[in-house]
Each structure stands twice: as structure tokens, then as C-alpha cells.
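I would like the entire structure built from these sequences, with the hints used as guidance.
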Amino acid sequence: MITDPARALAIAKTIFLERFPGADFGFVAGSIMRGEGRAYSDIDLVIVYRALPLAHRESMMVEGVPVEMFVHDPATLAHFMERDIARGRPSLLSMVAEGEVIGRRITLGKVLQAKVAARLAAGPAPLGEEALEELRYRITDALDDLRGERTRAEMIAIGALLHPLLAELSLRSRDYWNGAGKWLPRLLEAAQPGLGARYELAFADLFGAGRTELVLRLGEDELARVGGPCFAGFRRDALPAQRTDTRSPLAVTKDRV
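Every letter in the sequence shown is one number past the one before it in the working numbering, and letter 167, counting from 1, is 167.
If you are wondering where the hints come from, they were derived from the structure by calculation, not from laboratory data. Model, not experiment: these values are computed from the prediction. Some hints could be false.
Pairwise CB distance ranges (calculated) [what the hints assert, rightly or not]:
hint, residue 1, residue 2, range
1, L9, A190, 23 to 31 Å
2, G227, S59, 39 to 47 Å
3, P185, A122, 22 to 30 Å
4, T14, H56, 16 to 24 Å
5, G148, G22, 58 to 66 Å
6, E220, H79, 33 to 41 Å
7, A51, A6, 27 to 35 Å
8, R34, V111, 21 to 29 Å
9, E220, L9, 21 to 29 Å
10, R104, A160, 44 to 52 Å
11, T14, G128, 39 to 47 Å
12, E63, G22, 21 to 29 Å
13, A190, A224, 16 to 24 Å
Quick list of in silico lysine-lysine cross-link-like pairs, DSSO-like style, CA-CA up to 30 Å [to be verified]:
hint, residue 1, residue 2
14, K110, K182
15, K13, K182
16, K182, K115
17, K115, K13
18, K110, K13
Yeah, the Cβ is synthetic: ideal placement off N, Cα and C, and Gly gets one too.
Structure, rendered in C-alpha cells:
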């Protein structure tokens with residue numbers, strides 16, 4: 001375990017030189033580099049080559065510290081960052097925008113970093129109508145599940161399903177990037193002061209005491225901001241290609257009953 005950003009940077013530079021000598025530049029990111037390192041915090045290392053047959057990611061332990069490596073060329077890096085933008089969760093963009101630039105072409109890396117930082121600061125595209133309806137439907141379904149008579153184990157399972165869905169709705173409907181796991185509380189609080197604390201109180205009451213009232217009220221309030229619950233009239237059509245060959249053993253035809 002290390003918490004010193006300078007030590008994390010030194011480890012990343014050694015990995016870069018020894019394992020990726022042909023790379024142009026890289027970005028060293030993660031909680032240790034931000035000065036927020038704790039036990040089990042890792043180092044994120046984005047590596048950029050001039051050209052690669054394909055991108056990959058790999059993990060390793062160095063001096064007891066987990067290191068996650070994301071190995072790209074400009075085209076593959078752009079592809080995965082665009083994918084992050086489309087889903088509204090900028091994991092890779094954040095690493096590039098916030099990381100320390102290392103390597104033999106630092107100037108080029110800083111040019112890319114400035115472009116990515118500007119895109120990150122611009123925020124996500126508005127949540128599309130279909131995506132918003134899908135979120136409303138799934139959240140409505142989970143909230144309705146909580147209204148019935150449930151065991152404590154069932155309430156915990158439903159709450160675990162509901163939390164990331166509701167947080168995504170709260171963030172995206174306020175034009176904020178989405179996140180996951182430990183990032184959600186701080187993102188919610190940034191999106192609206194007091195919102196992160198409200199989530200904490202509501203879900204702590206659900207998971208700790210088995211009480212649903214605060215979570216139900218939170219869910220209802222967040223749905224009300226975007227059109228209310230969604231169930232009756234909801235429909236999704238399958239794609240034409242979503243059809244299994246009739247030779248499948250699971251297909252029933254007039255010749256096979």
C-alpha cells in the first residue's frame with residue numbers, strides 16, 4: 001500500500017519504461033495521484049502507442065499496489081472514449097483529463113489531454129427520450145417491488161438494484177456525468193447539494209432497518225422531475241436480427257412438437 005503521489009508516479013514511470021518502451025506517452029491517474037489514496041487504492045495507467053493491432057487492458061501488482069493498465073493507440077483510445085461519452089460515464093476520459101502525462105512525447109500527450117479535458121468539462125449529451133423512458137420504467141418497477149410485503153433479504157436485493165438506476169436518473173437528468181460505486185455519493189452531492197446525503201440516509205434506512213419510506217419518497221421525487229412513473233403503455237420492439245434459427249433445440253415448429 002502506498003499513498004504518496006510521487007511514489008505512485010515513480011512506479012508508473014518504471015512500468016512504462018520496462019513494459020512499454022515503444023509507447024509514445026501515457027497518463028498516470030487514480031486516487032493515489034489525487035492525494036486520496038487509501039488501502040487497496042490502485043494506479044491507473046493509460047498507455048498510448050503510435051499504432052497497435054488492437055487495444056487491451058491488463059492488471060498487475062507492484063510493491064503491493066494494484067496497477068490497471070489500458071493500452072491503446074490514438075484510434076482505439078478515441079473509440080473507447082466515445083463509448084464512454086455515449087453511455088454517459090466518462091471513466092477513460094477522466095483518466096486522460098486528470099492524469100500526469102509521462103513518456104517521450106509529452107507535448108503530444110498534453111495536446112490530447114487538453115482536448116479531452118474540454119470535452120469532459122462540457123458534460124454529457126442530454127439523455128435521449130428512449131433512454132429516459134427505459135430508466136423510468138426500470139425504477140418504477142423496482143419501487144413497486146419495494147411496496148409489497150418483502151423479506152429483509154429481498155429488500156436488500158431490490159435496493160441494490162435500485163440505487164445505481166436511481167442515481168443515474170438523478171445525475172443524467174441534471175446534465176451531470178454518471179458514475180459507479182464509490183463515485184456516486186460525491187457526484188450526487190455535486191449535482192445538487194444535499195442530494196448525496198439524502199441518498200445515504202434513505203438507503204441506510206432501507207438496508208439497516210428495513211424501512212422503505214425514505215427510499216420510496218426519494219424515488220417518487222426523482223421520477224416526478226422527469227415525467228413521473230412509467231409502466232402502462234411502455235413497449236420495446238425487438239430487432240429483426242433477434243431471432244434464433246428454427247434448428248435450435250429450443251425452437252418449436254409445426255414439424256417439431
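Between R34 and V111, does the C-beta distance stay in 21 to 29 Å? holds (23 Å)
30 Å Cα cutoff - pair K182, K115: Roughly 27 Å separates the two Cα atoms, so the pair holds.
Within 27 to 35 Å: is that where the Cβ-Cβ distance between A51 and A6 falls? With Cβ atoms ~32 Å apart, the hint holds.
Do the beta carbons of G148 and G22 sit within 58 to 66 Å of each other? holds (59 Å)
Pair hint K110 and K182, alpha-carbon separation not exceeding 30 Å: The given pair, whose Cα atoms are some 28 Å apart, holds under the 30 Å limit.
Could you see if the CB distance from P185 to A122 stays within 22 to 30 Å? This hint holds: roughly 24 Å between Cβ atoms.
For the pair supplied as a hint, K110 and K13, is the alpha-carbon distance within the 30 Å limit? holds (16 Å)
So does R104 sit 44 to 52 Å from A160, Cβ to Cβ? holds (46 Å)
Distance restraint hint 16 to 24 Å, applied to the beta-carbon atoms of T14 and H56: holds (20 Å)
Starting from the range 21 to 29 Å, see whether the pair E220 and L9 falls in it by beta-carbon distance. violated (47 Å)
Just to be sure I understand the hint, the distance between the Cβ atoms of A190 and A224 should be within 16 to 24 Å; is that true here? Given about 22 Å between the Cβ atoms, the range holds.
Falls inside 39 to 47 Å, the C-beta gap from G227 to S59? holds (42 Å)
Going down the numbered hints, you'll see the structure goes against just number 9.
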